[in-house]
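The primary structure of each chain is shown beneath.
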Amino acid sequence: MSEDIIALIKENVIQGRKTADDEGIDDTLSGTPGVEELTRSALEQNIPPDRLITQGLTAGMQVVGEKFSTKEYFIPDMLAAADAVGAAMDILKPYLETSNVETKGKFAIATVKGDIHDIGKNIVAILLKGAGYEVTDLGVDVSTEKIVQYVKEQEPDYLGLSALLTTTMVVMGEVIEALKSNSLRDKVKVLIGGAAVSEQYAEEIGADAYCIDGFHAIQVLDSFQGAKT
Amino acid sequence: MLAASRPLDISLDRRQVLKSLGYRSDSEPSPRIASLVDEYIENARQLLEPRHAYAITNVEWVHDSVAIVGGSTIFQSRVIARLLERCSMVAVFLVTIGNRLEETACRLAEDGLILQSYVLDAIGSEAVEEVAQYVEDMTRETARADGLVIGKRVSPGYCDWDISQQNEIFKMLDATSLGVQLTDQCLMVPQKSISGIIGIGPPEGKVDEYNPCKTCTRQNCLGRR
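Protein sequences, first through last, are from chains A and B.
The C-terminal residue of the first sequence carries number 229 in the working numbering, and the numbering is unbroken.
The C-terminal residue of the second sequence carries number 225 in the working numbering, and the numbering is unbroken.
Excised from the complex, chain B in its bound form (with noise of 0.2 Å):
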């Protein structure tokens, strides 16, 4: 199971705050913008409530576009069972910020203050990100222990995975006591929170070097590495 030796530290990284903004990596922000990405950062820091629920269990059965975990989770994705289909165990995982970094953005909004709501927001972005890496990071050293490797962190909605795959993680997890709830549509509130399955596997499955984006023609894509 997920070895907890390191502390989940959350460092707002500046750059990748500037990046979700829309900054490119060799753009500097002008002055004003520049002090309130951190000032906020800073305000930022007393809003986070990060959490995470993490489970790993065994890769059952993969088939074409079907792959079965944990004894009766079916996941529902082309996609999804290429990647399985390297792996002999699954880490399924929620990460979550929770409300107070949200319901400040949203009264900044409410007030008028759309450009601090949208730096604000941003900054959440970054947080629940790190939060996610924090769960990866711990998801690598516990496989490379067993001599194991992973792949790509991947949530539902992305690719040929529907959204509504939401909720077999959910069912894996103990949403609840994270306080992140689904919506009709399986968007989850908070809305800084991240869902989805890290493959792990064989280093011979080479399941580290899947991607695939590599085939995918949809150059566009928000989510494309």
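Extracted from the complex, chain A is given alone in its bound form (with noise of 0.2 Å):
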């Protein structure tokens, strides 16, 4: 039994399935539960919420991630899918809390100080939550300062930086600065993402990795959990 509800979680994750009235990638599972509804019903019969989250939602969303990369989905169905996944970690939340499971850890990210473009920082918060990560968003043109105020006082595992520009891409350099002179440099894991920055930028500056998207950047986050245990 639990087994079947875990494998339907699964299943509308990969339909982008949230609630009963949404549909999905086809018409296979209309009118059914959605995976609000089915996340609900597993927390009743008490099947443990990380088992929940392996099997169901992070599996779900790990065979999205591949028809992601191999075309068969567009960013639509990929926001459809994390969207689902995101609101079933709400739920789960409170039970993950008292359960001593713990999070992958605390993710912040900014689109950093002269860039307004907030899309791409938009997709990887969400992806991110819905790999786990426990994520805060701090806006669009945030301040070198309220960064390095921010993990100071928060302590994030992980900071993701984004700019679309060229002409802004060079503010992330500065951030990193700013943590290193706060002796907050090896605190957090840095890791930037946009149109104009790449593998060679992030390491000119001294991040710790450079994005192509969001399912990389769930990659990359997960490869440092792995060197964390």
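In short, the hints are calculated from the structure, not lab data.
Since we're looking at a predicted model, the values are computed, not measured.
Yeah, the Cβ is synthetic: ideal placement off N, Cα and C, and Gly gets one too.
Don't take every hint at face value.
Stated by the list, open to error - Coverage of chain B stretches by chain A, computed from C-beta distances (three or more under 8 Å per stretch; other residues unrestricted):
hint, stretch
1, 13 to 23
2, 27 to 35
3, 113 to 121
4, 178 to 187
Unchecked claim - Now the stretches of chain A that chain B is said to cover, found in silico as 3 or more residues with beta-carbon under 8 Å:
hint, stretch
5, 19 to 25
6, 75 to 81
7, 108 to 118
As the list claims (entries may be wrong) - Once the Cα atoms are required to be at most 27 Å apart in a straight line, the calculated BS3-like pairs of lysine-lysine come out as:
hint, chain 1, residue 1, chain 2, residue 2
8, B, Lys19, A, Lys67
9, A, Lys106, A, Lys189
10, B, Lys19, A, Lys71
Since each chain sits alone in its own frame, please combine them into the complex, following the hints.
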């Protein structure tokens, strides 16, 4: 029984169905419960939240990632799936806190000072939330001082910096320098992304990684997890 | 000057919206995404406040990577100079769809509705593109009436044309009355705005055939044409 409901959660994630009202990729599940309803039923049946996450939500999202990389899925399909997973994570959050299941870590993300583009940042944020990270979105046009202050006070494990333009990507380097001068650089892993930046630029400014898109960001963060344990 | 004969009609072409959402021309979205896109295209119509500012001026002098237009405005860019050396006149334009669509998309994102926000943003991109296309079509008609041809639309920030040259374009037009402002980094607010120039010249100058992308090595450029 528990296997069935977990498999259904996975399938509904793949179909991007948050609630019973949502249409899916095809109509095979139309009218049946979506990820939200299934997650609540699963909790009522005392299925452990960590199994729901790993075998249902994360497993489903992994398939979505594969379909995205083979271009069978497009960004909206991916966002629909991530939205469903994010909603389930919100439902599960209180249970995770009481059952001592650790999240994968705290991730803060910001579009740097001078840049006002938010779409890429939003996509990365929702995907990482769906992948089990505790995500805080600091917004767009965020000053270096504010980012440093946040790292100092909230101690996130990871910091994602976004910039679309060659004129604003230089600010990412300034953020890293400011973290250094505040003795915070070794406390947080810094990931950068955006149309203008590259692997080479990440190296140049001393970031820990360059992420080409949201799914890549999950891979990179998960690889840091592997290194941690 | 601009012949105001044709009404500014924004159709919000569904196929183009899908293209800005990342779909290829041969791929259809899933039923869920399709109904969302259709619903938001209809909703977006009442959020559009399309406006444009426009001026046609003379190309005074072109050399190497500098072009002087309209008396005293200096455009610094090799690509722009190569474009304008084929031209006798240049149309300078600024178009926008206003703030309302953007504010709505922002609110959706704040409420966690990232998919909906992303779809609305793509619709906004298509809408402002249609306003720019309207200005381009008008310029082509005006030019044709005088036996002239036009080049491709070019905007500051593309090729070697520095984004700070937005300031020159804004000085030539009444940007304030359009409600468009420049940030310190020369980004436009509302973001769904397009500024730029369209070269106008005699057929023998062949500005209509000029495409800087043909000789450019940046294969992955988002603006490649």
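Checked hints:
1. With a cut-off of 8 Å between beta carbons, the stretch 13 to 23 of chain B has 3 residues touching chain A; three or more are needed, and the interface restraint holds.
2. A stretch counts as covered by a chain when three or more of its residues have a beta carbon under 8 Å from one of that chain; for the stretch 27 to 35 of chain B and chain A the count is 7, and the coverage holds.
3. Remark: the stretch 113 to 121 of chain B is confirmed as covered by chain A, as 7 of its residues place a Cβ nearer than 8 Å to a Cβ of that chain, reaching the required three.
4. A stretch counts as covered by a chain when three or more of its residues have a beta carbon under 8 Å from one of that chain; for the stretch 178 to 187 of chain B and chain A the count is 5, and the coverage holds.
5. As drawn, the stretch 19 to 25 of chain A meets chain B at 4 residues by the rule of a beta-carbon pair under 8 Å; at three or more, the given contact holds.
6. With a threshold of 8 Å between beta carbons, the proposed coverage of the stretch 75 to 81 of chain A by chain B holds, since 5 of its residues qualify and at least three are required.
7. Check result for the stretch 108 to 118 of chain A against chain B: holds, 5 residues qualifying (beta carbon to beta carbon below 8 Å, three or more required).
8. For the hint pairing lysine 19 (chain B) with lysine 67 (chain A), the CA-to-CA distance comes to about 19 Å; that is within 27 Å, so the pair holds.
9. Our distance criterion of 27 Å between C-alpha atoms is met by lysine 106 (chain A) and lysine 189 (chain A), whose separation comes to about 11 Å.
10. Proximity of lysine 19 (chain B) to lysine 71 (chain A) is assessed by CA-CA distance (about 14 Å); at most 27 Å being required, the pair is judged to hold.
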